[in-house]
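Chains as they are written, first to last, in my numbering: chain A, 1 to 405; chain B, 1 to 405.
Think of the hints as simulated: they come from the structure by calculation, not from any bench. Any given hint could be a false lead.
[Claimed, not checked] With a straight-line Cα cutoff of 25 angstroms, these simulated BS3-like cross-link-like pairs (lysine-lysine) come out:
| # | chain 1 | residue 1 | chain 2 | residue 2 |
| --- | --- | --- | --- | --- |
| 1 | B | K89 | A | K313 |
| 2 | A | K61 | B | K33 |
| 3 | B | K192 | B | K393 |
| 4 | B | K61 | A | K32 |
| 5 | B | K321 | A | K122 |
| 6 | B | K393 | A | K321 |
| 7 | A | K33 | B | K61 |
| 8 | A | K26 | B | K61 |
| 9 | A | K89 | B | K321 |
Protein chains: 2
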Amino acid sequence: MNKGLVVQKYGGSSVANVRRILNVAKRVVEYKKKGYNLVVVVSALGDTTDELISLAEQIHKNPSEREMDMLLSTGEQASSALLAMAIHKLGYDAISFTGAQVGIITDEQFTKAKIVKISADKIREELKRGKIVIVAGFQGVTPNHDITTLGRGGSDLTAVALAKTLNADMCEIYTDVDGVYTADPRIEPKAKKLSSITYDEMLEMASLGAQVMQARSIEVAKKFNVTIHVRSSFNKNEGTIISKEAKRMEEFAISGVTLNKNEAKITVCNVPDRPGVAARIFSKISEGGINVDMIVQNVSHTRQTDISFTVNKSDLTRALKITQSVAKEVGAGEVMEDLDIARVSIVGVGMKTHPGVAARMFSALAQNNINIEMISTSEISISCIIKKRFGEKAVRALHRKFNLG
Amino acid sequence: MNKGLVVQKYGGSSVANVRRILNVAKRVVEYKKKGYNLVVVVSALGDTTDELISLAEQIHKNPSEREMDMLLSTGEQASSALLAMAIHKLGYDAISFTGAQVGIITDEQFTKAKIVKISADKIREELKRGKIVIVAGFQGVTPNHDITTLGRGGSDLTAVALAKTLNADMCEIYTDVDGVYTADPRIEPKAKKLSSITYDEMLEMASLGAQVMQARSIEVAKKFNVTIHVRSSFNKNEGTIISKEAKRMEEFAISGVTLNKNEAKITVCNVPDRPGVAARIFSKISEGGINVDMIVQNVSHTRQTDISFTVNKSDLTRALKITQSVAKEVGAGEVMEDLDIARVSIVGVGMKTHPGVAARMFSALAQNNINIEMISTSEISISCIIKKRFGEKAVRALHRKFNLG
């Protein structure tokens, strides 16, 4: 009675303590009893990763990224061993592996490595022996045997990539929320759970601040058409299915509102208005391995212009340094930083067929006296940068305006 | 100006917190400045290993040893990365490796694996590049890529084995005490530091309970004639040199008194007194990877006898299980356990040339009303099993009796 292969991923909150690890083991064993083969990807216990980062930062303001990966990868290694023990306790056979051991080969971009290939032979071998295979999430290894990590939320990526490699029948992402909501329920109590959502919508929502899943893992899921089920490890409720096409009776204009307070804004003043300058700035930043989010450059009235862009707060120091050096090179003026920003966004494939969505968004913000500092749009999302203190208010205003409750 | 290669090992208390890690980094860099090449072996931070063991035991009474090694090895991996960062902070180049990464190949005896070979090519490569190489202690990897650990105190073994493999000029073991003492100074305040001690004496003292260094690592040092300097990471005092011959003006009868409260006694009652029974018991226990310490069998008056032996407390549950099954097989009687024991021992190469040492020991215990339950002797040591509560009293009595103060 082989019902197929399920890849499950349990986040840090799902394995935060001994009791929860035992609960996860029970859930895993339930699937095994039903006849499924299982590959289980785990994150580090609770706040372990943050604690390790804090230790490192007490030692070195700017720790070596190679050593950082050496350090952080221990969190997932430990939790995968503990989960294997918990499954043993229930009388089932399980074996844990590091990313390196199952052949998750990455490039050498420490702290945000990209998966190059996965052999997974070890996994197939142990599945054949009837074992439940536990894999430490978030990590891989370079061809030179250095340990790498895949960036924050990288355990999702491990799960999706393994689901694809092993041709799994299901990929379940267990977290501490019931699924994907129209807005963060802690901000908007009327937020509703979506039963399904498209890759593109989820991608926008993730990159715009919805914490449910990491954007990169959704990209990979989309690329290889891996259907994902995001659900809670604390109950048996159905969660949200992320797939190519959402199964909804009616297409609403937007699916959700997101808020991201983890960005910082950099503005380069008095940039000479000639071709190639923007390219120069952003290629240098990209060489530094830093992702730039929004970029805004207004028409210039003089022969100079200002360029603003946002980066993740954690990259701010490095991004500033690079920007300052390029600004000097190209003869631009002052480089300013602004940490007092929030990005509020609306997302939805329906946006394409519902006119006037942008206007409704801006008027909702205006009615609430929230000033818009930057605007950026994609095919299925609109984002506004506003003052940080208005973030939650803006989410509620937009949720109401688009009747998401 | 190459002064040669130093292998240093820092124990858990030496890297218990951020401040101490930074201190270790300073000490390492001082050697580098003087012109030495350095390979630094580190233990896990402070009580990390105990905390991980406790986590595992909350999950499973008798956790899988493979998974235990997967779990415990993370402690040393983390501390080696942190030490590398601390050295970077001082402006020196350092790189950390796991046991697996530097090719410390072991057998498959999880939780107490034996080193089979060390390639150390990675280390040579990085030393050539001028880097300080940090190696996670206590761990290795099987030819099948499973992570193993070398048993408690295994970081010492890592250091000694690397010193041998790399043909190092010095092997320093840093700990939280100044060196090897005539007795544990916490028990006998008059205990004195020994400036030198032979491998054999140290071996006896280690296996008899002196916590300074792990016995196996001294065996390896003896086998390959690696001179060891045991010293404190908290000051610059000279410690104790462990080598083939101790440089002492005059040979005393004994060098030290040790106390071990980590053993448990197992007694098999009514063992049929015929050849091969003892062999049967102890070969089964040895197959289980359990080290037996003292073994006592008295002459039998009937056709049955009692056999008592001691094992490490951590092996007691497994040892009992094996013993009970063998006892049944051979038709022996009840198997009893006793955790209320301590082993007090005296050690010294001088014992060979000084007659009457045993008698002096027994009379010292008798004068203090301490009953002896088992006696065992080696060429350079005598051990007595007594009730646990008399342990410290016995140490002080013997220290006085042999004028070690």
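Hints, one by one, checked against the model:
1. K89/B with K313/A: Holds, at roughly 23 angstroms.
2. K61/A with K33/B: Holds, at roughly 23 angstroms.
3. K192/B with K393/B: Holds. K192/B to K393/B sits at ~18 angstroms (cutoff 25 angstroms).
4. K61/B with K32/A: Holds. K61/B to K32/A sits at ~23 angstroms (cutoff 25 angstroms).
5. K321/B with K122/A: 33 angstroms, violated
6. K393/B with K321/A: Status violated; Cα separation ~65 angstroms.
7. K33/A with K61/B: The given pair, whose Cα atoms are some 23 angstroms apart, holds under the 25 angstroms limit.
8. K26/A with K61/B: Holds: K26/A and K61/B sit about 17 angstroms apart, inside 25 angstroms.
9. K89/A with K321/B: 19 angstroms, holds
The structure does not agree with the numbered hints 5, 6 stated previously, though it agrees with the rest.
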